[in-house]
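Engineer: Residue numbers (the numbering used here), protein chains in the order written: chain A, 515 to 724; chain B, 515 to 724.
A hint or two may mislead.
Same chains, same names: a pair is fine if it fits in one copy or spans any two.
Each computed EDC-like pair below joins lysine to aspartate or glutamate, with the alpha-carbon atoms no more than 16 Å apart [stated by the list, open to error]:
# : residue 1 : residue 2
1 : K720      : E683
2 : K587      : E709
3 : K520      : E709
4 : K520      : D563
To be clear, the hints were calculated from the coordinates, so they are not data collected in a lab.
Protein chains: 2
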Amino acid sequence: MPQVPKAVVSRLSLYLRELHRLARDGKETISSTQLGKLLGCTAAQVRKDMANFGQFGYPGVGYRCAELVTAIKQIMGTHQPWSVALVGIGNLGQALLGYRGFTDQGFRIVAAFDLDPHLIGTDVQGIPVFAVDELASVIREQSIRLAILAVPSSAAQEMADELTKAGIEGILNFAPVTLSHPPSVHTVGVDLAIELEQLSFAVVNKRQNS
Amino acid sequence: MPQVPKAVVSRLSLYLRELHRLARDGKETISSTQLGKLLGCTAAQVRKDMANFGQFGYPGVGYRCAELVTAIKQIMGTHQPWSVALVGIGNLGQALLGYRGFTDQGFRIVAAFDLDPHLIGTDVQGIPVFAVDELASVIREQSIRLAILAVPSSAAQEMADELTKAGIEGILNFAPVTLSHPPSVHTVGVDLAIELEQLSFAVVNKRQNS
DNA sequence: ATGGACGGGTGAATGAATTAACAGAATACC
DNA sequence: GGTATTCTGTTAATTCATTCACCCGTCCAT
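Can you build the whole structure from these sequences, using the hints too?
Structural biologist: See the structure below:
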């Protein structure tokens, strides 16, 4: 499995989400056809995507939901929980601190960082807030590998550099800028305005499906 | 321009973001090579992407930043502001209400909806809050075409149906579920946990670049 | 048992998208 | 003014992703 296409990985997350729901609703097994329909892709695609990682299906039966959930979690690396750092406790940062979806998927925010002296030393939503100076030491002590960056664009690159120096391996960036970073660090960017822009394009260009 | 690949559209937003910054910093023109480097793609890609929509560059010069910004805005449909509805004023919803990036890109949240009787009738961050019953009437009166859905997963599909009935054309969905919807409505999903999951995969599989 | 329907794995064929290569146009420099 | 350079638009080549078609295994009804 040396080269897994990026598109496959993002679909894997969607499969996982759907399978999780199905398993919780008590569905034992599901066929590639059904799963494909649920996600708007072909059955062949589902099978091929899974084939990248091994054999998981049972001929004549389909995929066992619960089993596939654990398999995909293993593949994605979320079979055991991650400790995550949050940098920036503004509007968005606070919302992320309280976001249930993270913990549900095995991501636990264990430390938050900000500049505001009123916040430093306190707990916000049960999470301790540290000064940015302490970034490196806290990250090392708690062996945190992932960080969420929710600071203003003007500070984003600088904070990303700090995180990199502290040995962070992945950054989820909410600032609307393209971060530059060494290849040893991975970044995923979420620009909320861009998502709306995509919607705007789709609407004005009245393209079918979605 | 009958069939523009989806990947092109999402890159267009990144170009726009970068060009916007460049223009503000006083840069007159930029070559496809430079722009590509800034975004981590090849110069050929930049040129090809733009070629989908017409001719914007000047041989021997490059692209004029300010000019290209307005051209892309025109293409994306954000050359004039959009009125947007927000459904769900929880943790995340409130953060989105206060998010600066939306207004900067021409998206104005003009109405919010929630179930909580304490909120209905009040203003949150200067935006009036309505009951869900009023969804259709408010949306029609203000001719709102886009909506942001920030409700718990359990309510997401139901609210999406309401929005559809009310004539909404595009939904930005933050609930971690796949919405089913008629082809006349476009949806873009943002699942924050999935983004972290993608990061997790990239980190454990130590794939280079990003 | 056994026939038929269901369903996954897999390699070949199709279709997209990215990259490479080049011809022509504007600029800068001497 | 000519020449070298820069840079676009575009066509061709390559790479990548998706779909198709078939084989074989499993289950269920008879």
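Engineer: It remains to establish, for every hint, whether it holds in the given structure.
Structural biologist: Hints, verified against the model:
1. K720 <-> E683: between (40 Å within a copy, 9 Å between copies)
2. K587 <-> E709: between (26 Å within a copy, 14 Å between copies)
3. K520 <-> E709: Cα proximity of K520 and E709: across copies only (13 Å, versus 19 Å in one copy).
4. K520 <-> D563: within (11 Å within a copy, 20 Å between copies)
Every hint, counting from the list given before, is met by this structure.
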